[in-house]
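With chain A's structure known, arrange chain B on it following the hints.
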Amino acid sequence: MANGSLTHTFSDGIMPETGDILMFLLTVAWLLPLAGFVVEVYWLCFSHRLNKGAAYVAVACIGIGFLCSLTALLYWGNATKWAALSEPEHHAHSASHDAGHAEAGHGEAGHEHEAHAVDADEHSHSPPPAPAKKYFSGTYYELARFSGLRVSLDWYIDSLTLVMFTMVTFIATCIHIFAIGYMHDELTEEYEDHEVHLHNGGHFSRPGRFHRFFAYLSLFSFSMLGIVLSGNIFQVFIFWELVGLSSYLLIGFYIERKSASTAANKAFIMNRVGDFGFLIGMMILWTSFGTFQFGDRTEGDHTQAGLFTMVRGQDGKLDVSEDGKEVYLQDAYGHRAERNGKPLSISYMLLVAAGLGVFAGSIGKSAQFPLQTWLPDAMEGPTPVSALVHSATMVAAGVYLAARFYPVFTPEVLLGIAYIGCITLFIAATIALVVTDIKRVLAYSTISQLGYMMLAIGVAGWGAALFHLVTHAFFKSLMFLCSGSVIAGCHHVQDMSRMGGLRHKMKITAYTMLVGVIAIAGLAIPGTSIGLSGFYSKDAIVASALAYSELNPGHILLFIAPLVTAGITSFYMFRLWFLTFAGTPRDAHVYEHCHENPSVMTTPLLVLAVLAAGCAWGGEGGPLYRLIADSELVPATARVASTGAAKVILPSHQGHESDVHHVHSTAGMLALISAIIGMTLAYLLYVKKTIDPNQIRQQFSGVYDFLVDKWRFDSLYDAMFVAPVHIVSAWCVSFDKGVLDPILHSAASLTVLTSKWDRAFDETFVDGLVNLVGTVTYNVGNSLKVIQTGRLRQYVMWIAVGVIVLFGALFTTIPK
Amino acid sequence: MSPETLLTCIVFLPAVWAIPLVLFDAKAKEAMRYWGVLGTALTFALTLQLLMQFDSNKSGMQFKFDTPWIANWNVFFSLGVDGISLPLVVLTGFVCLLSMLASWSIEKNFKGYLMLFLILETGMMGVFLSLDFFLFYVFWEVMLLPMYFLIGIWGGPRREYAAIKFFLYTLAGSVLMLIAMLMFYFNSDRSFDLLELARIAGGTSAGKSHVYGMSMQVAAFIMLFIGFAIKLPSFPFHTWLPDAHVEAPTPISMILAGVLLKMGGYGIIRIAFPLCPYGAQYAAYFLAALGVFSIIYGAFAAMAQTDFKRLVAYSSVSHMGYVLLGIAVWKIVDGKTVGREYWEMGLNAAMFQMIAHGISSTGMFFMVGVLYDRVHHRDINKFGGIAQLMPHYAGLAAVIFFAGLGLPGLCGFVGEVFSVLACWNFSPLLAIVAASGVILTAGYILWTMQRVYLGPEYKGPHPEALVEMNSRELAIGYTLVATAILFGVLPHLLFDPMHGSIQALTQSLASSYETLYGAIHTSQLP
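In order, the protein sequence lines correspond to chains A and B. Going by our numbering, the first sequence opens with residue 1, and the numbers climb by one from there. Going by our numbering, the second sequence opens with residue 1, and the numbers climb by one from there.
Here chain A stands alone, though its shape is the one from the complex:
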C-alpha cells in the first residue's frame, strides 16, 4: 500500500530492503484487525447472533498479527546479527567524546570542556562520525502539504517498536481467546441484565452482543498498533484518539447501564483534558520545528532532519546557547540547522513547555495524577477489556509515548515526569489498600505501576521504564484475566469480602494468580538474584531512582516513595490473594456455586503465567532488556547536567562504570526487604489474623474514609470543573436569550415604532397638507362658482377688467 522510502543507510551490511520487509510485516499485523473490525461489525449480515465466528475472525486477525510481529522481530535480529543482545559497550560511544559534550556545557557535573559544547565551529568543521542508525522509517502517504510544511502517515521501526508489537499482539491474542469463554453468555437472543432497573420495575433483557464485543476489541488492537508504528507525533495523536474511542466503546459496552456509559464519558473526557495539553505541545513543535516526524527523511539527495535529530543532533546532546535561553536545532548532517543564513533555534522555555504538553497527553492516557480518576471507573467494562486495554496496553501507551519522545524532553520536563509518577504511584497504592472490589484493586495497582514507569523515565531510567512496561503487561494482564476467571466462576461477584478459600475450587486460577502476585510484588530468593519478572524490572527502576537521588540529594523523595510503595504494593497484592483464595469461604452461597472455568479460559492463564514469570529472564543483562535498550536514542554513558530552571544531574546508566550500576545491589536489596515486609504484614493480617484489620480500620477511621473516598478527587473535580461548566453554559444560553435576542427584538420594535410614526406623519401632516391644498382649491373653485353665470356680457366685462388690470400691472412694473 505504500512506497516507503528508507531514510537511512545501515552499516555492517544490513540490506536496505530489511526496512521494507519489516514495514510490510508490521503493516499487515496492524491492518488485519481493522479488516476484522469491519467483518465483525457486520457479522449479522453473514451469520446469526449465536454464531461464535466473529470471535474466531478476531482471534485469527490478531493471531496472524502476532506471527507477523514475531517474524519481524526475528528477521530484524538476524539482519542485525543480534548485535543488540551483546554487551552494551559494543555500540556505545567512547566515553571521552561524550564527556566533552556534557549537556548544556555548564553542568556541576564538573566538566572542563564547557566551551566546546557550544562551539559552533566544531560542529561545522568536523562533524562527528554518524553512529549507525538503529531505526527504519518511511512514509505511507501524505495527508497534506502546505508549501514547505508536510503532514503524513509514516512508519518508524526500531527494536522498541518490534518488542511492543510482539508484546501487544501476543497478549491481545491470549485475551481474545480468554474472552471467547468469558463473553459466552452474550451468545443469546435474550440477555438479561440484572444490574439495570427499568421504570416499571421489570427485568431488562436484550439480544446478546458477542460479535460487537470482538469488533471493538479488533478496533482497539488496530488503534493500539497504530500508535506503536507511528512515525510522527501527529500520527500518534490520531491513533491516540482512536484508542480513546475504542476504550470509550469498551467501557460503555453495557450501554444500558448508566454507570457504564458515565464511566465511558468520563474516560473519554478526562483523556481529552490530557489531549488538550498534547495539542499545545504539538502546536509548539509544529511551529518551531516545522515537522512532526521522529526520524530523518531523505528526499532526493537531501536529508531532512526529524524531531529527534533536530533536538539532539547526532550525539544525543542538546545544543544550548551560552545564556541557556535558546536551543539550536541541528540538521541531519551534524551541523546547526540554518534558514536564510541564520541559525534556527527554539527558546529553551518553549521546548520545556512542548515537552510538558506532550507529557500531559501521557498523563491522561496513563491515568497519572491529577487525571487518574477515570481508570478505576473504567472497570465497568467487561474484564477482558480491563486486562487488555486498561492495564496491559492502552494505558501503557502514555509511558510508551513519554519514552518514545524522550529525546525532546529537557531535564526539567524529566523532573516533572518523575514527580508526577512519584505522586501517582503513592496515591494509587494507598487507595488500593482499602478497596474490596477485586478488579478495582488491580486498577489502582495499574495506576501505581504506571507511576513507577513514569518515575523511571523521569530519573533517566529509560530502559528500566520500558522493561517494566513489558513485564507489567504480562503479569497485570495475567492477574486481570485471573480476576475475570474468578468473576466468571463466581457468577459476577466482584467483592472480595464475599470470597475466600477459592483456591480449593479454582486451582489453576489461584496459582497462576499467585505467580502474578509474586511478580508484581517483586519477590526474589534472598541472596540470589533469581525472581519473577517484576523483580528485575522494579529493581531497575528503584536503582535508577537511587542513583538519581544520590546525585540530586534534594530529590530524595523520588527514591523513598517508590521504595515504601514497593512494600505497600506487596501488601495489597497479597491481601488480594489471601482474601480471595486463602482462608475459609466468607459467603457460602458464592463458594457453593463457584467453579473453575473451561480450558478456553485457563489456557491463556497458564501461557501468560509462564511469561509473567520468565519474560525478564536475565534482568538487565537478559535479552528483553537489551533488546529494548538498543533503541535508546540518548546515550547515557556519562552524567548529564542541566543548567535550566531545575538544576539536576541525570545519572549515567550504560555500562559497568555507570551510576546506576554502582547502586544496583543496594537498591535491589532495599526493595526486596520492603516487599518482604509488605508480604509478611499481609500474611499476619489476613491469614494468621494476629492483627485484626477491622481494629486498624477503626483506629484510623479518618484516614480510612479518606482513602475509600479515593482522596476525594471525584468530588473535588465535580465542584471545580463539572459544576462551573454547567453554570457557564447556562450563562451563554441566557446571554443569547437575555441580551442578544432582546437587542434584536428592540431593534425590530423600534423599526415598527418608527414606521408607525411614519404612518402618523403621513396621515396627519403630509396627507393633511395635500388635503388642505385640495380643500382650498375646491373652496376657491366653489366660491368662484358664483361668477360663472353663463351670461356673455358679464364674461366680456371680466375679460376687459382682467386685461386692464394686466396692462396696469405691466406698465407699473416694467421699468421705463
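The set of hints was computed from the structure by calculation and includes no laboratory data. In this text, a Cβ means the ideal position worked out from N, Cα and C, and glycines have one as well. One or more of the hints may lead you astray.
Said to hold, decoys possible - Quick partial rundown of chain A residues pointing at chain B, CB under 8 Å, derived from the structure:
no., residue
1, Ser147
2, Gly148
3, Glu195
4, His199
5, Arg206
6, Ile255
7, Ile269
8, Ser729
9, Asp741
10, Leu784
Said to hold, decoys possible - Using 30 Å as the maximum straight-line C-alpha spacing, the simulated DSS-like pairs for lysine-lysine come out as follows:
no., chain 1, residue 1, chain 2, residue 2
11, A, Lys737, B, Lys382
12, A, Lys737, B, Lys459
13, B, Lys459, A, Lys258
14, B, Lys331, A, Lys325
15, B, Lys58, B, Lys336
16, A, Lys325, A, Lys342
Same frame as chain A, but now just chain B:
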C-alpha cells in the same frame, strides 16, 4: 461540454428544472419527488463533471468567461471556478441531492416546496461561481427569498418568527455588502469584476496605479465582514441560527447547515480578504479572537440545550468558529508576512472545515430528523435507549456525531486540528483557548449521545414508532458516513485541488500588504 456551458448549466439547471413542475398534478407527489431527485442528481453529476475537468495544478481561475449583462453599468455575467470555490460547488450539489432525498416527509404543498428548493440551489451555485460582484449580490439575494419561504411556510410552530428573523439578519448583512460594493465600484472606475478589484487592491492592476485608501479598506472590510459573519454565523450575529434550524424542516436544516453557512466563509475568503488586504490585516486579531470565542461560546451554549436541533445548531456556531480562526491567522511583522506557510495551512484548514462541517452537520441534522419524523419531538431528556431499538441507525449516527466531535479518521478532525495548529504561529494565547474547545466538544457530544442513544429504555411519547431506518434513509446515512470516513482518512483528496489557489491567494495578499505598507510609509496614501 464546453466549460462555459457546464458552468452555466450548473447554475441554471435547477431553476429550469423547476419550470415543468407547473405541469404536474398537485397530487402526483411521487412523480414530483422523483423529478426533484433527478434534477438535483443531474446537477450533482454536472458538478462532478466540473471536478473531473478541473486542473488541480493550476492556481488561478479556470473556465472563466464574461458576457456583458448590463453594459451601461459595467455589469458582466461572469462565472469561473478555482480551488476555493470548486469544493463548495461540489458540496452544494451533494448536500442538495441528499436533502432532496430527505424531503419525503414534506406533505404540505409539495409542488411549491420543490420549486423553491430548486431556485434556492440555483442561488447557491450562483454565489459560489460568480466572479462579478453585482452578479454575486444578485445570487445572494436570490438564495435569500426561497429560504425565507421554505422556513416560513414549511417550518414548525414558530416558523414565522424564525423566518423573519433569518430574513432580517441576512438582509442587514446584504445592505452592508451593497454599500461596500458601491464603494469599490466608484473607487475603481466603475468595475464590479472581483478579480480586477482584487488586483487594484494589491496594486497589480495593469491600468491603475492607485490602490484603495486605508480608511476605505478598513470601513469596507468591516461592512463586508459583518455581512458574511452573519451568514457564518459568528458570535454575536448567530442568534438567528438556532431559531431557523429549530423551525426549518429537516432537509432545509441540512441545506442551511451544509451549504448556506459556508457562504459566509467563502465570502470572507473570496471577497473581503482580497479586496481589502489592509482592512483584513487590520482586523485579523479581532477576527481570530472572535473565531475562538465562537468556538468556546457555541460549545458552552450547546451543552445547556435540551432541544436536539438547537444543540446541533449551536454546535455549528462552535464548528464554524474554526473556519474564522483558520482564515484569520495572518501574522505580519513590519509589513512582512511571517510564517506564510502556517497561514496557508490555516486557510486550507478553514476550507477543509467548511466541507467537513458540510458533511457532519448535514448528517447530524439528518439524524435528528430521522428521530423527529418518528416521534415528533426533540427533547433530549425524553429520549434514551435508541441504540436498543434502532441499532443500525444508532451506529450510523454515532459515526456522524464522532465526526462532529473531531475524532481522527473522520472528516471533522482535520479541519479543527489544522486550524488550531496553524494558530500558534499567529497567537499562542488564542491557540491555547481554541485547543481547549476539544474538551468542551467532547463533553456536549458524548453527554448528548448518552442521553439520546444509550440507556435501557426510551422515555418519550410514541415508542411504537421507533422502527429501524428504511432503505432510503439508510442510503443517505451511509453516503454521509462514507464521505466522512473518506475525507478523514484521505484528506489530501480535498487539499489537492484547493492547495494551489490558496497558496496563490496567500502569496498575493502578502505581497499586496507589503506594497501597501511601503506606500503608507512613504505616505503616498491618504
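Hints and how they fare:
1. For A:Ser147, the suggested interface contact is upheld, since its CB lies about 4 Å from the closest CB of chain B, less than 8 Å.
2. Residue-level restraint check for A:Gly148 holds (minimum Cβ-Cβ distance to chain B is 5 Å; threshold 8 Å).
3. The beta carbon of A:Glu195 is not positioned within 8 Å of any beta carbon in chain B (closest approach about 10 Å), and the interface hint is therefore violated.
4. Interface hint status for A:His199: upheld, as the beta-carbon distance to the closest one in chain B is roughly 7 Å, under 8 Å.
5. This hint holds: A:Arg206 has a C-beta 6 Å from the nearest C-beta of chain B, less than the 8 Å allowed.
6. A cut of 8 Å between beta carbons decides the hint on A:Ile255: the least distance to chain B is about 4 Å, and the hint holds.
7. Taking 8 Å as the C-beta contact cut-off toward chain B, the hint placing A:Ile269 at the interface holds, the least distance being around 5 Å.
8. The interface hint given for A:Ser729 holds, since its Cβ lies 4 Å from the closest Cβ of chain B, which is under the 8 Å cut-off.
9. Interface restraint check for A:Asp741: the shortest CB-CB distance to chain B comes to about 5 Å, inside 8 Å, so the restraint holds.
10. Among the interface hints, the one on A:Leu784 is violated; its C-beta lies about 50 Å from the nearest C-beta in chain B, farther than the 8 Å criterion.
11. Of the supplied pair hints, the one linking A:Lys737 and B:Lys382 holds, its CA atoms being roughly 23 Å apart against a limit of 30 Å.
12. With a C-alpha separation of about 28 Å, the suggested pairing of A:Lys737 with B:Lys459 holds against the 30 Å cut-off.
13. Of the supplied pair hints, the one linking B:Lys459 and A:Lys258 holds, its CA atoms being roughly 14 Å apart against a limit of 30 Å.
14. Of the pairs offered as hints, the one joining B:Lys331 and A:Lys325 holds, with about 24 Å between alpha carbons and a cut-off of 30 Å not exceeded.
15. For a cut-off of 30 Å, the pair hint linking B:Lys58 to B:Lys336 stands: about 26 Å separates their Cα positions.
16. A threshold of 30 Å between alpha carbons decides the hint, and for A:Lys325 with A:Lys342 the separation of about 17 Å falls inside it, so the pair holds.
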